[in-house]
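Participant: Read off the chains here:
Number of protein chains: 2
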Amino acid sequence: MLNQTPALDLLFQALADPTRRAIVERLSRGPASVSDLAAPFAMSLPAIVQHLAVLETSGAVSSSKTGRVRTCRIEPNGLRAAEQWIATRRASWERRLDRLDAYLHKMKHLEARDGNKH
Amino acid sequence: MLNQTPALDLLFQALADPTRRAIVERLSRGPASVSDLAAPFAMSLPAIVQHLAVLETSGAVSSSKTGRVRTCRIEPNGLRAAEQWIATRRASWERRLDRLDAYLHKMKHLEARDGNKH
Numbered sequence: 001m002l003n004q005t006p007a008l009d010l011l012f013q014a015l016a017d018p019t020r021r022a023i024v025e026r027l028s029r030g031p032a033s034v035s036d037l038a039a040p041f042a043m044s045l046p047a048i049v050q051h052l053a054v055l056e057t058s059g060a061v062s063s064s065k066t067g068r069v070r071t072c073r074i075e076p077n078g079l080r081a082a083e084q085w086i087a088t089r090r091a092s093w094e095r096r097l098d099r100l101d102a103y104l105h106k107m108k109h110l111e112a113r114d115g116n117k118h
Numbered sequence: 119m120l121n122q123t124p125a126l127d128l129l130f131q132a133l134a135d136p137t138r139r140a141i142v143e144r145l146s147r148g149p150a151s152v153s154d155l156a157a158p159f160a161m162s163l164p165a166i167v168q169h170l171a172v173l174e175t176s177g178a179v180s181s182s183k184t185g186r187v188r189t190c191r192i193e194p195n196g197l198r199a200a201e202q203w204i205a206t207r208r209a210s211w212e213r214r215l216d217r218l219d220a221y222l223h224k225m226k227h228l229e230a231r232d233g234n235k236h
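Chains A and B supply the protein sequences, listed in that same order. Heads up: the first sequence is residues 1 to 118, going by our numbering. Heads up: the second sequence is residues 119 to 236, going by our numbering.
Please keep in mind that the hints were generated in silico from the structure rather than gathered at the bench. Be careful, since some hints might not be right.
Partial list, computed: chain B residues near chain A (C-beta under 10 Å) [claimed, not checked]:
no.: 1; residue: Leu-128
no.: 2; residue: Phe-130
no.: 3; residue: Gln-131
no.: 4; residue: Arg-147
no.: 5; residue: Arg-191
no.: 6; residue: Glu-201
no.: 7; residue: Trp-203
no.: 8; residue: Ala-205
no.: 9; residue: Ser-210
no.: 10; residue: Leu-218
no.: 11; residue: Ala-220
no.: 12; residue: Lys-224
In silico DSS-like pairs for lysine-lysine, Cα to Cα no more than 30 Å straight-line [stated by the list, open to error]:
no.: 13; chain 1: B; residue 1: Lys-226; chain 2: A; residue 2: Lys-65
no.: 14; chain 1: B; residue 1: Lys-183; chain 2: A; residue 2: Lys-108
no.: 15; chain 1: A; residue 1: Lys-65; chain 2: B; residue 2: Lys-183
no.: 16; chain 1: B; residue 1: Lys-224; chain 2: A; residue 2: Lys-106
Note that this is a predicted model, so its numbers are computed, not measured. Ideal placement from N, C-alpha and C gives every residue a C-beta, glycine not left out.
Can you build the whole structure from these sequences, using the hints too?
Facilitator: The structure is reproduced here in structure tokens:
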């Protein structure tokens, strides 16, 4: 559970590519067909389809087919899993820094008080 | 700026490996020496050093050397960049869903009102 292998492997791997991030960026503004997604890229349709397959396998994107058109959309739960994994570790580290800061502050205060006694 | 290539490539790539995530997990509880980090893994020290190099290059982790001991720590700004990239796209998608929901709600309301008129 802790590191959710291999789900997180696939999610972070999917997001490690600039074309795939650009696809997620585009889909964050609304669902789009595969050919709409391919249009802005100087890339073959099969290459885009391959990138979409990586995104779908990772759980960041889903798609459905109506007639001959496949429509892709964001899967917020997939993205949230990757986001929360990072957020939890960062928050844990920052809480640790806060505690350290509070401790140093207390030590300084005690030292100042003891200094006044002597 | 939008997709911050190659910084985000390196960050997501760094997090796509379970050993490197376990290292980040360990470091989120406090700084550690390279040998402390290596201890829980059934892996050679050079392999761990290699994983640490990937994490350092990505900006998720930093290290400093005192005498013969290299100490590693989390770089919260690095992690935050990856986290915020995801959060922004997810939030944008969710806002879109909210607007769509509000629109459908309004349409239903208008339809019900018009239905009452006739």
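Participant: What are the numbers of the hints that this structure violates, sorted from low to high?
Facilitator: The structure breaks hints 11, 12, 15, 16; every other hint is satisfied.
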